[in-house]
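Participant: So the chains spell out like this:
There are 4 protein chains.
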Amino acid sequence: MNTEKIQAKLRRFAQERDWEQFHSPKNISMALMVEAAELLEHFQWLTQEASSELDTEKLSAVADEIADVQIYLCRLADVLNIDIKDAVERKMKSNEAKYPADKVRGKAKKYTEYR
Amino acid sequence: MNTEKIQAKLRRFAQERDWEQFHSPKNISMALMVEAAELLEHFQWLTQEASSELDTEKLSAVADEIADVQIYLCRLADVLNIDIKDAVERKMKSNEAKYPADKVRGKAKKYTEYR
Amino acid sequence: MNTEKIQAKLRRFAQERDWEQFHSPKNISMALMVEAAELLEHFQWLTQEASSELDTEKLSAVADEIADVQIYLCRLADVLNIDIKDAVERKMKSNEAKYPADKVRGKAKKYTEYR
Amino acid sequence: MNTEKIQAKLRRFAQERDWEQFHSPKNISMALMVEAAELLEHFQWLTQEASSELDTEKLSAVADEIADVQIYLCRLADVLNIDIKDAVERKMKSNEAKYPADKVRGKAKKYTEYR
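As they're listed, the protein sequences go chains A, B, C and D.
Heads up: the first sequence begins at 4 in this note's numbering, then just goes up one per residue.
Heads up: the second sequence begins at 4 in this note's numbering, then just goes up one per residue.
Heads up: the third sequence begins at 4 in this note's numbering, then just goes up one per residue.
Heads up: the fourth sequence begins at 4 in this note's numbering, then just goes up one per residue.
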């Protein structure tokens with residue numbers, strides 16, 4: 004996924020509509036949150052099993068919400084001048100160190116405490 | 004950003020820790036939501052102006068939360084077998100059609116009603 | 004629960020700290036959201052069954068988060084001059100009409116579609 | 004606000020529809036979150052000033068969302084057997100101790116750090 008290209012498109016999209024005035028990091032973080040909740044909403048009354056067995060229509064609706072979250076995440080990173088790829092790589096390395104496999108493996112019940 | 008590579012790493016990360024049992028779409032959507040809220044939290048008491056002028060320390064903390072959201076978004080798409088890139092492209096096209104620039108431009112006050 | 008009394012206390016609490024300047028409805032809705040996510044976080048990796056069987060320590064932590072949500076909800080209603088009790092009564096009546104028991108009973112699988 | 008009475012009504016409401024099976028604390032915390040996001044959504048593109056000056060129609064829509072959050076909060080406390088009033092009182096006392104007025108007053112800029 005070319006995040007720079009997506010961000011350039013989103014920037015132009017906002018400029019063409021004179022919507023940049025609304026795109027403070029504060030506001031975008033709220034919009035992102037609202038989309039994350041719309042994503043969550045699809046799963047709220049489902050069992051965990053059912054949440055893995057969505058039909059085609061539901062799956063497509065969920066994909067749409069995933070896209071919305073991704074779009075606002077790209078936009079937020081852009082207005083803050085944060086490199087998502089770098090941030091993800093740094094975080095994944097830090098998670099490797101934080102949750103050593105041989106320490107937490109087989110201790111699934113303790114999962115929440117390690118997090 | 005190579006989402007497939009990130010997803011492969013996250014898959015291995017979960018496998019090595021025997022954490023796949025926790026990674027139902029339902030649960031991951033909750034984790035994503037929690038991270039989106041931690042991102043939001045950085046902005047909750049700031050003015051919109053101040054949200055654009057974060058100092059280095061704050062910016063680094065925000066980047067960490069953006070990474071967390073991105074990581075769970077990649078993981079969720081992976082367990083649901085959804086292609087994020089495709090979903091984003093489809094959504095951006097649909098947004099272009101939904102908010103025609105010449106119709107909404109200069110009508111910034113009506114922004115919320117178009118959304 | 005005497006919401007007027009709670010609201011009066013919260014008003015004084017904010018005044019004494021000169022924090023009213025931060026308490027715009029926008030900001031309070033964000034704070035409420037953050038607390039709702041902290042509440043959600045306790046349940047994110049639990050099975051539905053386990054979420055009903057919290058130990059005393061966890062239950063107390065959850066009660067704290069419920070309190071935080073309630074506090075910001077009272078505060079938000081106060082700054083907007085909305086009567087929570089009236090709003091709840093109105094909403095419950097509307098829900099009775101929206102989901103007639105004899106129409107949705109025994110159709111549990113259709114629950115999400117009725118909502 | 005008589006939370007016990009509201010909770011009794013909600014209990015009956017769920018029973019009459021055979022919806023108790025969906026009302027695990029985990030699921031209710033998700034539903035509460037979704038409502039909190041719908042509440043937030045009303046404010047996402049507004050300035051802080053505008054968020055204090057909602058017109059009647061908007062105010063009524065916001066009151067509806069506040070009611071939804073309150074309803075799920077009552078329901079969650081009920082299924083977990085938590086007394087909201089007690090929890091709120093305990094939390095407000097703890098907040099008094101945590102943020103001593105004479106220490107944080109006039110240091111509004113430090114607000115976020117005290118929180």
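Please keep in mind that the hints were generated in silico from the structure rather than gathered at the bench.
If you're wondering where the values come from, they're calculated on a predicted model, not measured in any experiment.
A portion of the hints provided could be inaccurate.
Pairs involving identical chains hold if they fit within one copy or between any two copies, as the list cannot separate such chains.
Claimed, not checked - List of simulated lysine-lysine pairs, DSBU-like, C-alpha gap at most 35 Å:
| # | residue 1 | residue 2 |
| --- | --- | --- |
| 1 | K12 | K88 |
| 2 | K101 | K8 |
| 3 | K8 | K106 |
| 4 | K106 | K61 |
| 5 | K12 | K106 |
| 6 | K106 | K96 |
Participant: Using 35 Å as the alpha carbon limit, work out where K101 and K8 are close: within a copy, between copies, both or neither.
Facilitator: both (33 Å within a copy, 21 Å between copies)
Participant: Since the copies are identical, ignore which copy is meant and state whether K106 and K96 lie within 35 Å (CA to CA) inside a copy, between copies, both or neither.
Facilitator: within (16 Å within a copy, 40 Å between copies)
Participant: Under a CA distance limit of 35 Å, which applies to K12 and K88: within one copy, between copies, both, or neither?
Facilitator: both (18 Å within a copy, 14 Å between copies)
Participant: How would you label the pair K8, K106 (within, between, both, or neither) given a Cα cut-off of 35 Å?
Facilitator: Classified as between; 25 Å across copies, 40 Å inside a copy.
Participant: Indicate which option fits the pair K106, K61 if close means a Cα-Cα distance not exceeding 35 Å: within, between, both or neither.
Facilitator: between (38 Å within a copy, 24 Å between copies)
Participant: How would you label the pair K12, K106 (within, between, both, or neither) given a Cα cut-off of 35 Å?
Facilitator: Only across copies: K12 and K106 sit 19 Å apart there, 44 Å inside one copy, limit 35 Å.
Going down the numbered hints, you'll see the structure goes against none, and every one checks out.
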